[in-house]
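**Q** Sequences listed follow chains A and B, in order.
Mapping to the numbering used here: the first sequence position 181 is 181, numbers consecutive.
Mapping to the numbering used here: the second sequence position 8 is 8, numbers consecutive.
Derived by calculation from the structure, the hints in this document are not laboratory data.
It does not matter which identical chain is meant; a pair holds if it fits inside one copy or across any two.
Pairs of lysine-lysine residues, derived as DSS-like cross-links and limited to a Cα-Cα distance of at most 27 Å, are as follows:
hint	residue 1	residue 2
1	LYS92	LYS197
2	LYS197	LYS130
3	LYS11	LYS301
4	LYS92	LYS301
5	LYS301	LYS33
6	LYS112	LYS130
7	LYS30	LYS301
8	LYS112	LYS33
9	LYS130	LYS74
10	LYS130	LYS65
11	LYS112	LYS74
12	LYS30	LYS112
13	LYS65	LYS112
For clarity, every value in this text was computed on a predicted model and none was experimentally measured.
There are 2 protein chains.
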Amino acid sequence: MPELRQNPFTKQWVIIATERARRPHEFVQKTEKQPPLSFVANCPFCPGNEQMTPPESARITRDGKWQVRVTPNKFAALSSQGELVRSLNGFKRVVSGVGVHEVVIETPDHSKTTALLPQEDVELIIRCYKERYFAITDDPRVEHVTIFKNHGAGAGTSLEHPHSQIIATPIIPPDIRNRMEVGLRFYDEYGQCIFCKVMLEELAERVRLVHETAHFVSFLPFASLTPFSLWIFPRRHMASFGEIHAEEICDLAHMLRMILAKVYYGLGDPDFNYVIRTAPCENRHSRYYHWYITVVPRLTKLAGFEMGSGMYINTMLPETSAEFLRNVSLPPAAFPEN
Amino acid sequence: MPELRQNPFTKQWVIIATERARRPHEFVQKTEKQPPLSFVANCPFCPGNEQMTPPESARITRDGKWQVRVTPNKFAALSSQGELVRSLNGFKRVVSGVGVHEVVIETPDHSKTTALLPQEDVELIIRCYKERYFAITDDPRVEHVTIFKNHGAGAGTSLEHPHSQIIATPIIPPDIRNRMEVGLRFYDEYGQCIFCKVMLEELAERVRLVHETAHFVSFLPFASLTPFSLWIFPRRHMASFGEIHAEEICDLAHMLRMILAKVYYGLGDPDFNYVIRTAPCENRHSRYYHWYITVVPRLTKLAGFEMGSGMYINTMLPETSAEFLRNVSLPPAAFPEN
Chain A
1 MPELRQNPFT KQWVIIATER ARRPHEFVQK TEKQPPLSFV ANCPFCPGNE
51 QMTPPESARI TRDGKWQVRV TPNKFAALSS QGELVRSLNG FKRVVSGVGV
101 HEVVIETPDH SKTTALLPQE DVELIIRCYK ERYFAITDDP RVEHVTIFKN
151 HGAGAGTSLE HPHSQIIATP IIPPDIRNRM EVGLRFYDEY GQCIFCKVML
201 EELAERVRLV HETAHFVSFL PFASLTPFSL WIFPRRHMAS FGEIHAEEIC
251 DLAHMLRMIL AKVYYGLGDP DFNYVIRTAP CENRHSRYYH WYITVVPRLT
301 KLAGFEMGSG MYINTMLPET SAEFLRNVSL PPAAFPEN
Chain B
1 MPELRQNPFT KQWVIIATER ARRPHEFVQK TEKQPPLSFV ANCPFCPGNE
51 QMTPPESARI TRDGKWQVRV TPNKFAALSS QGELVRSLNG FKRVVSGVGV
101 HEVVIETPDH SKTTALLPQE DVELIIRCYK ERYFAITDDP RVEHVTIFKN
151 HGAGAGTSLE HPHSQIIATP IIPPDIRNRM EVGLRFYDEY GQCIFCKVML
201 EELAERVRLV HETAHFVSFL PFASLTPFSL WIFPRRHMAS FGEIHAEEIC
251 DLAHMLRMIL AKVYYGLGDP DFNYVIRTAP CENRHSRYYH WYITVVPRLT
301 KLAGFEMGSG MYINTMLPET SAEFLRNVSL PPAAFPEN
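Put together the whole structure using the sequences plus the hints.
**A** Rendered as structure tokens:
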């Protein structure tokens, strides 16, 4: 018998369709990909082509060369110039499209996706996210910052060179607002952070855990929308990603690299997205919101039912996804601790 | 300068990224598709293969042959058998997966997508939706019915033969619940249906209209999430699709066929979804909800930002999409009135 499960943070329902269940190995990507080159002459993100991007907003150097670069997105969705104007005309509510849209070029090496980078390089990427978070939220027009990565054409990117993006909006995105509302209601009722509580429940139950580190826990949501999508939670209560400290950055680099390697080696380098869901700027110290990362391997297609109802049909038990990911073996030279 | 626009029914924001704007013709699908055959020997939905589907729940015949067939989905996401059980264990809220999942085989002809069918055949499909809606909502375990169509692999279907689906759930889908809540708040405040009001505003403004019939109006949402996605609204206030009467069915067949033909001929037969967003069963006569159809040509990919924020980036002004669709010319023999 299939079952419907509810995400406690969003009240969103998913149908876990056990009758259509597929085994984990059926999701492994079969297409033999040409391994990308380390350098591509016409890639705007490869070293030597720095003039192909708008002027840099930040860079982290090592041995005199850049290791991570941040530039405004050449095709920015929002404009960094201009005044914040709100208007309402009949039902037509408009806010001027001011904000920030940046690209984080994660490594000079065109071929090195996160799973293939050494830990210290992943650490630099996360350090860079934090620096940009603070620089961007200095702007009073910014209400919220979304940091995310699209890997592969199926995940919405056309550029192969490893990069992530930062979009700062002059409004609170609805998906964050909904989670804040649910979190607040729970806090009203029980005086606790709902996110902390769910994490503790998962740590006790263990069946959906994928990996644990000193400061982070990764697990499949009980109501996971798609096969293998998972969460990375900081153990310490923090509403905002901006509150992450140096030791946690180092630990998160370990966790993120490990999780993306499990996806890369276990599922055959599928397209994927990750997104850091952080609190709105003004709720940086909220007691009832808790930032976390969602990682979504893109193995299924959104169809009319999902679009029309907001409900998903997941053909794999999250517990099965978790077990599969726990057991992925990684190259021991690069992951000696696994 | 880009702008953010808000959907008044969902409070969802979209970034209309005019700086990245693409011209309508850039979205036209270029891939030359092999036109499908009228009959495919191993297609489970082609005539003669009726034994390949589970036993029929309904059929409409013409000249002694079936024209529309409805069968349970062979790989049903929900089970028609079993008791409705709700449980909560810690944060793990579960409802047993009882409900209905049916396939509507829209025509015996494998090659005839809606845009290519004569109007009377489209009418039979809609009549069939209504019949099934009533048969299914007889079941007290059913709280809501979603009727939708996936056309093409990019829209989530692997079966080419023209078909749509019906999923009846034992809970109210979150996307419907949210619209009900917004609708109720507006009704509290103004004593009017927000959906009727928006439609009247669009009829007055005209710039986002695509087509009008006696009983239906089709227009691009002011805060359209993707290029060319559009709505079809009944002019008469009706919360439930089940309330549609015979004359309106005939008129909707005209509208739906016309709209899908504009998508088919204008955009080069892209993958698409449509979904009928109807009220929950118990709100069939609601004064503050209004059913409508959403049609979404699948021309863009969902990426990390959309996933993380619930906000979309639309690279085309809805007004431009509407103008393009208004001006698509259709084969005069099949569409003499265009």
